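Engineer: Each chain, written out:
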Amino acid sequence: MKIAVCIKQVPARDWQPRVNDDRTWVRDQDASFEVNEPDAYALEEGLRLKEKHGGEVVVCSAGPARVAQALREALARGADRAIHVEDDGLARGDAFAVAEALASAMRDEQFDLVLTGLQSDDQGFGQTGGVLAEMLGIASATIIMEVDVQPGAVRVKRELEGGWFQFVTLPLPAVLTIQSGINQLRYATLKGIMAAKKKEIRKAVPPAGLASRQRIVNLYVPEKTKRTEMIGGSPVEAAIELVRRLRDEARVIS
Amino acid sequence: MILVIAEQQGGTLNRTSLESIAAAQQAGGEVKVAVAGAEGLAVAAALAAAQVAEVLCVQAAALNAYTLDGYVAAFAQLVQSERPDHVFLPHTYQTRDFAPTLAVRLGMALVTDCVATRWQDGRLIAARPMFQGRLYADVATNGPALVAFQIGAIRADSLVNGSAPAPIRTVAMAIDPGAIRQKPEAPFREAKQAVDLTQAERIVSVGRGIKEQDKVDMARQLAAAIGAELGASRPICDAGWLPMDRQVGSSGQTVAPKLYLALGISGAIQHLVGMKGARTIVAINKDPEAPIFEVADYGIVGDLFEIVPAMLKELQQV
Chain A
7 MKIAVCIKQV PARDWQPRVN DDRTWVRDQD ASFEVNEPDA YALEEGLRLK
57 EKHGGEVVVC SAGPARVAQA LREALARGAD RAIHVEDDGL ARGDAFAVAE
107 ALASAMRDEQ FDLVLTGLQS DDQGFGQTGG VLAEMLGIAS ATIIMEVDVQ
157 PGAVRVKREL EGGWFQFVTL PLPAVLTIQS GINQLRYATL KGIMAAKKKE
207 IRKAVPPAGL ASRQRIVNLY VPEKTKRTEM IGGSPVEAAI ELVRRLRDEA
257 RVIS
Chain B
12 MILVIAEQQG GTLNRTSLES IAAAQQAGGE VKVAVAGAEG LAVAAALAAA
62 QVAEVLCVQA AALNAYTLDG YVAAFAQLVQ SERPDHVFLP HTYQTRDFAP
112 TLAVRLGMAL VTDCVATRWQ DGRLIAARPM FQGRLYADVA TNGPALVAFQ
162 IGAIRADSLV NGSAPAPIRT VAMAIDPGAI RQKPEAPFRE AKQAVDLTQA
212 ERIVSVGRGI KEQDKVDMAR QLAAAIGAEL GASRPICDAG WLPMDRQVGS
262 SGQTVAPKLY LALGISGAIQ HLVGMKGART IVAINKDPEA PIFEVADYGI
312 VGDLFEIVPA MLKELQQV
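Each protein sequence line maps, in turn, to chains A and B.
Just so we're aligned, residue 7 is where the first sequence starts under the working numbering, counting upward by one.
Just so we're aligned, residue 12 is where the second sequence starts under the working numbering, counting upward by one.
Chain B extracted, bound-state conformation:
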């Protein structure tokens, strides 16, 4: 049996949970889904629509706001009573927070950023990127593992729904609130994002290859010439060369423009998940083996400081 840990916030299902359920279905065998917190009851019906054996709503007063210790205590108990062969979950920021501790508590391995699984001699083999996505590794574990799936790696639309809703079972748990060391405050958003890249038809985005803050201007000119917004990968925003609201990727905005033109962006996974839905992707990079070329429709290997001015000149000629 594979146990999927689904994620919800404020009674809204994190859709990436469906990707993990689909992954569990594709792995074969029985699938159960667990969700924690009082608000988990609100998403139980949506989870029960999937072809799964059971949906488990893990309930305790201490689980109503997410805390690392609360979730670890709850899911450690659940895994010990349900005894799944493996535990699947989406590799969200929440998973990044509690899953390492849960793995230690349960004596299990934690395979993160998984993009696919297969069985070999009765053992689960998980594929995951390494070295910034330049290589992939098939990874084997000894015994049961927690497997966290990279967001978007498994298609949620491959999820199989059941002919009738799966049974929903409430699992009441005793969790001592005093044992929870993290005292959370309410989640909040920083001042409303000034730039909404999600609505942009075209985006010119810059990465480390731009080398200097002054050179960002060249990208800005190209963006203006083709009616595009300016975006960036995380290191550019970390360096303060562009504001954080220009950031594309897992910690920034997820975009799907008609044209995404990546200048000097190597294509780390965290960036790719934020832009691989673009219709036409262009990559200009000096490194022919940069992972960005894996997702590009058009690629130029070369010096962007020569190519971009030549593009500007060509664009101005008509």
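Excised from the complex, chain A in its bound form:
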């Protein structure tokens, strides 16, 4: 079974984004980056499927040179090799640009199964997986909580809303977007980190004329719609004041 896992490198969760001068992107020169968390679940699922069915896991990412770090991390967790579609502009590309870049490097690999997270923590389009599937000309299913590989097909559990689920069977090859929490993530071992240094990262060039279909014309900090009473002071003072407010002002506790 030849499995691809598409991952994105995104700014770390605790990094506070600041808008740049032309208000079309963030000042990410000072950001630290990490593997997009939903994609980490997709990687874990790929590794588990390989352990069960054999084959290889190839981790793929489209982005600037720094993305190699995220790929190394995935290799340390157990992926066999990596494909890096390198281009600086892809950091701010939309789902179409990223999917097209990925598709160009993945097409000839003839993967049986392509996994990715359901959305990214940066731009949060939530569509790269579906767009990639259509560009590769293969079937897709989204927000997956269970993957059962069968001969020539895959039966998956889709999460619907409000506690509902549905099993769907689709032919291989297929793209699945994985829901966070489908599995428990593993951490890289020292042995894995050492082994990753010897694994291949194939660099690919994106196709010429890669174009986003949507672009940011203004990026801003959202206006507050609600008046928030901020309670200051020491932790103890703030705690006492909060309890008082909830009792006497909001009257929601006794």
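Rather than coming from a laboratory, the hints here were simulated on the basis of the structure.
Everything numeric in this text was worked out from a predicted model, so none of it was measured.
Think of the CB as a built atom: it goes at the ideal place given N, C-alpha and C, for glycine as much as any other residue.
Nothing false has been slipped in among the hints.
Short derived list, chain A residues pointing at chain B, Cβ under 10 Å: (1) Glu43; (2) Ala101; (3) Gln129; (4) Ala145; (5) Glu167; (6) Ile222; (7) Arg233; (8) Ala245; (9) Val249; (10) Arg250.
Under the rule of at most 25 Å between Cα atoms (straight-line distance), these lysine-lysine pairs were calculated in the BS3-like manner: (11) A:Lys163 with A:Lys8; (12) B:Lys226 with B:Lys297; (13) A:Lys205 with A:Lys8; (14) A:Lys205 with A:Lys56; (15) A:Lys204 with A:Lys56; (16) A:Lys56 with A:Lys203; (17) A:Lys163 with B:Lys194; (18) B:Lys194 with A:Lys8; (19) B:Lys297 with A:Lys230; (20) B:Lys222 with B:Lys287; (21) A:Lys232 with B:Lys287; (22) A:Lys232 with B:Lys297; (23) A:Lys56 with A:Lys209; (24) B:Lys287 with A:Lys230; (25) A:Lys58 with A:Lys205; (26) A:Lys163 with A:Lys56; (27) B:Lys194 with A:Lys58; (28) B:Lys297 with B:Lys324; (29) A:Lys8 with A:Lys58; (30) B:Lys269 with B:Lys287; (31) A:Lys230 with B:Lys269; (32) A:Lys8 with A:Lys209; (33) A:Lys8 with A:Lys204; (34) A:Lys56 with A:Lys8; (35) B:Lys287 with B:Lys297; (36) A:Lys197 with A:Lys58; (37) B:Lys269 with A:Lys232.
Once you've looked at the hints, dock chain B against the given chain A.
Structural biologist: Using the frame of chain A, we list chain B on its own:
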């Protein structure tokens, strides 16, 4: 003309469709609404009550159970024949499933999680959150776009009803069932949810800021002290620190208690949609710029491991 794709399951209208119709009305111009499947006929009258030009019931045997390929085939044909300027739809899980493929098929952009639209120089500009809601972006597209609206962002009660019902037109389509790659089984619910947070008067909810599973106990004590249920954001349930039936948010329960006390919850959109209807919202978080403070009535920036024990002490004193 703006075409709205409404959603129904088993002949029940997904009410978020009305939010998208309201958004289309507010954008101005002609609005048409489409709904797919035999059971779509059951919701057509409800859709036709809105002030719209027409309700289109897209019919084919292959559309009677939802599949990604079936819906993409149907709505690609419909958009090509109706030629709307833009397509609006609610950003539900079903939309997340089929809309990306539909966008590629039609050569259109897909703007997800949209909270507002406006016109600028004849072009539609859509506002959407980025970076976990810490920033918002006004986004422009070249030409027609699919615009998926964040649930609850547009008020359904701002929908304008027509003086008379809109005409309902059945659009029969030829869709080859053999071309549908997804073979769906019937939707089901997991074992009945043990905890019904929707009925809770007070909820103490924990997020990533709780840091360790052992620390959840502290939140449990606070919940007990004020007569609250314990809830959590998705990452806590993903980690297995609390069961899934404690999860508040788009993939968990939608709650509207008198008091919602968020401990170490940053306030990702998926969480906010599940709790922003609470009457009084309290946020305790070490990050002063966490989006949770946008919806909070009371906020404390600080270390919850110091603040919560102090609250417990204060609560026990009376």
